[in-house]
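Here is how the chains run, residue by residue.
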Amino acid sequence: MSAPTGGAPRRLVRSVVGALVTMLAGRDHADAMLGDLDEEAAARSGGALLRGFWYAREASSLVAGLVVERARGALGGAGAHWAGAGWDELRTAFRGIRRRPGGPALVALTMAVALTGVTTVFSLVHAAWLRDLPWDDDRALVRVFSAYGGLDGATSRTAVAPEVLRSVVDASPALVGAGAWTVGETVHFDTGEKTVRLDAPRVTHGLFGLLGVEAERGRLFTPEEETPGADAVVLLSDAFWRSAFGGDDDVVGRTMVLDGAAHRIVGVVPPAAAPVEPDVWRPLALGPEWYVDGRLGWEMLDVVGRLAPGTDAPAATRSLSEAFAARSPDRAQRLRQSVVAVPLREEMLGATGRVLLGLLAAAVLVVLVACANVATLLVARFEERARDIAVRRSLGATSGALARLALMESAVVCALGGAAGLALTQLALAGLTRSRIDLLAPLGRLQVSPAVVLFTLLAVGGTALVVGLAPAYRARRVEAQAVVREGGGRAHGTRTGAATRRTLVVVEIALALVLMSGVAVSLRSLHALTRVDPGFRPGGLVAARLEMPAGRLARERAAGWDRVTERVAAIPGVDAAGLVYALPLTGTAWSASFSLVDPDPDQAELEPGANMRPASPGYFQAAGLKVVRGRGLSEADGPDALPVVVVDETLGRRFWPGRSPVGRRVVLGVFLDRDTATVVGVVSDVRDQGLHAPDSGHMYFPVAQSPQRTMTLVARSTRDLPAMGPALREAVREVEPRMPVVSVERAEERVRAALAGPRVATLVLAGFGAVAALLAALGIFGVVGWTVRGRIREIGTRVALGAARRDVMALVLGQVGRLWVLGAALGVAGGAAAGATLDRIVPGGAAVEPWVLALTAAAMGVLALLAALVPVVRALAVDAAEALRGG
Amino acid sequence: MATLGEFEVLVMLSVLRLGDAAYGVAVRKELAARTGRNPSRGTVYATLRRLEEKGHVESQLGEPTAERGGRAKRFLRPTRAGLEALSGSLRDLDRMREGVGLPAPEEA
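Here the protein sequences line up with chains A and B, keeping their order.
First residue of the first sequence: 0, per numbering that gives the first Met the number 0; consecutive thereafter.
First residue of the second sequence: 0, per numbering that gives the first Met the number 0; consecutive thereafter.
The following block holds chain A by itself, in its conformation from the complex:
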């Protein structure tokens, strides 16, 4: 047989091994070692694969041995000792585990569960924070908003007016560039067979260049295409290109009919080309009428800017706001309007990030509890092998060697746990990606990345060290004589061993308590959220999003909306029907500014923003809003009648505090002809942007006086969605055959969706809390049970001497009580300290109050008693004679 030569992979392996060994042992010695290896390889029989395995194993053993030897030389003295025998100890540890796999399997399982939690949450955090956004130098990117100063310095942020983009943002020295797109624009795409509604914002030609995105096919927009008349061109998103055109290579140059007009496809942009991903993009072509001062309030652009080198977001905000104040001193002063820059990452992650940090803290706590638990198990394992260890000691094993063995055992089980944890994490992430939870949407597709693997490795190393320290410490202190004297080789171990285990259990109780108080707080917050009155009655309410076909004049739209509402109200089983721009909690916000014709002299607040809601007369009744003052909208508020608005209570309080808003006049540019409208009534509030906080106020006006293209039809009915959905679609088709019904859903879904994020977060946290509590209970069970076993002879003696059952119980429960008191004291202190992180997990979080801590501590006490139940029963059953005889 010849030396294993030939084959590119084998040659590669051999040259790598050769280089390593030469590096570690010097050329002369390396030659002999490699020669020996070849000689033995040549002498081996078996297939190429088998010999390949053998070669790989032997070569890595050689390299490892030489590395250890090198480390020994470098560390010298004590360190050398540790590094030296690592290899052999690893084998011994493996052998020990193979011989008695039960305990280590439990340990590995515990670690797997705990590490899965922390690794999964870390993956999310990593996806959220550490991963770069898909754009060039994304840390220099900012979102730019118009801001209005409210009471107490609170500001509300809105999109940016085109004129502000041109005269303030584009001109700012704080930004090297900015790009913008219009908010919420859609078009109807006529495929020839049917009409499809597409998200189709208009975008400035510089946006993609600013983000460092290039066209995947064709080209991006040119500045010339930003001229009205030259703008019948369109860019496809990658997803739309694939779904609508099957990824056709020849798509560029073809035409699409959008809103009845032919548009030429000039290119395809790659996935994640911008912070939003619509179906198609159109050029932002605005005529000169958009840039007159009166249009400053028409805030329709989402803006991204790139910070100039050496600038940060706060500095950019100052610079932009100064420029705005110079451009529009009146608005800056009267409306306290300004322009702000917010880091894009922060803006895209927002609430998700805060929740994840809280969960990460919780997951780390679980790992610590698991570590303490596993450490008690390993200490016990060492104790049970006390005789074995004592013999090793007397045979000359140094305490260091035993400590190394303990560490090695913990490293092996933690590594197994970590590997299992990584596999489970992969499953968990796949599940989370599929779950489509709103909260996780900004994170995109989730998977185990190299960074996550590295994190797991570090976590395994860290836990192995933490877990191995206690038994290692114990092993160092095992004295042959002490073992013989105290335990007599039985399974009860030594006094110091007992102290170590008790300490660990106290730590477990404390950590579990911290987590459980977090759970309690989150549950309280969640409970509060579920009891929040959203201000409308979602039960029995079906909502359908409708779109008016393109090309109709305002009055035609008004008439169309009338027809649809009337027809739907006539469906059997529908009690009430109405139209509204968007149902609460749909995340649709139309913020616009207005001004007061005759503001009260003492009216402190100048912010003129409100959430605008065109609605039909039937909306309030159908959705369950109450008219509190004056009247609601009526059929009489038609296109030719005087413009009217209805405000909600919050808005009324803000602008006319202590007075009735009815009869006041406001100016806003949304009506057909005139701008001044009269407030005719006040309705009850709704929670719109989330359940946890009240909104800044809504202004409702008749859809007949401001007919939008997109509206939501709501119908209150006793029939459920499966029956209502088709009936509703049929009714719409009857009166408006070309009107697409974009979606139909129960309004209850919206409320449920608003609760989904907090619910999932609380569920995960509760899961962590349950695991921690379970582990702590197991720890108590272990340490108490083991004490009882060790003290059977003593208990028997006491019983023989006339001790009552009560005394025996007191003996055992006394120990539980001491563990609990210590653990609870530490846990309550920790819970109070950790409150700041834990109460972020659910929005509007309740504070960590003393009674919550007291309650969780009490719950932990009950759990401790339950855990001690079996050992107590066992202690009570001790028969004096038997214990003395057998003990």
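Misleading hints may appear alongside valid ones.
Unchecked claim - Label pairs and their calculated CB-CB ranges:
1) B/T64 - A/S448: 45 to 51 Å
2) A/A824 - B/G98: 52 to 58 Å
3) B/T64 - A/L108: 51 to 57 Å
4) A/G45 - B/T64: 57 to 63 Å
5) A/L108 - B/G4: 35 to 41 Å
6) A/R804 - B/G4: 42 to 48 Å
7) B/G61 - A/F52: 25 to 31 Å
8) A/F52 - B/T64: 23 to 29 Å
9) B/E57 - A/A418: 44 to 50 Å
10) A/F52 - B/G98: 47 to 53 Å
11) B/G4 - A/R433: 55 to 61 Å
12) B/G98 - A/A832: 58 to 64 Å
13) B/R36 - A/G45: 50 to 56 Å
14) B/G4 - A/A824: 47 to 53 Å
These aren't lab readings, by the way, just hints derived from the structure by calculation.
We put the beta carbon where it would ideally sit given N, CA and C, even for glycine.
Dock chain B against chain A, hints included.
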């Protein structure tokens, strides 16, 4: 005086037993054959390297052969200092062992 670790003692004895035929492969085989242990390649070679650095063994190259990929064997021989260290370690073991009742080792 220099002392040897347990494994170093075994390796030294193996080298001694083999005489002129002592090189890496043979040392490992001898160890395995007589003790039933199966020390890893890394452990054996690292120990040999260490013993040589401490001056307990010296080495000398043989003739390269084809089956070894054209590489020479490195033959080992204990030095005087090595022999002294070995006998010192063995003597210490014997003295410590005296009068200690130990269970008989199980035969592998």
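Evaluation of the provided hints:
1. B/T64 - A/S448: 45 to 51 Å: 49 Å, holds
2. A/A824 - B/G98: 52 to 58 Å: At roughly 53 Å between Cβ atoms, B/G98 and A/A824 fall inside 52 to 58 Å, so the hint holds.
3. B/T64 - A/L108: 51 to 57 Å: 52 Å, holds
4. A/G45 - B/T64: 57 to 63 Å: Check failed, 22 Å falls outside 57 to 63 Å.
5. A/L108 - B/G4: 35 to 41 Å: Hint holds: Cβ distance 37 Å, inside 35 to 41 Å.
6. A/R804 - B/G4: 42 to 48 Å: 57 Å, violated
7. B/G61 - A/F52: 25 to 31 Å: 29 Å, holds
8. A/F52 - B/T64: 23 to 29 Å: Given a distance of about 25 Å, which is inside 23 to 29 Å, the answer is holds.
9. B/E57 - A/A418: 44 to 50 Å: 45 Å, holds
10. A/F52 - B/G98: 47 to 53 Å: 49 Å, holds
11. B/G4 - A/R433: 55 to 61 Å: Since the Cβ atoms of B/G4 and A/R433 sit about 57 Å apart, the hinted range of 55 to 61 Å holds.
12. B/G98 - A/A832: 58 to 64 Å: Distance hint for B/G98, A/A832 holds at roughly 60 Å.
13. B/R36 - A/G45: 50 to 56 Å: 23 Å, violated
14. B/G4 - A/A824: 47 to 53 Å: 48 Å, holds
Violated hints for the displayed structure, listed by number in ascending order: 4, 6 and 13.
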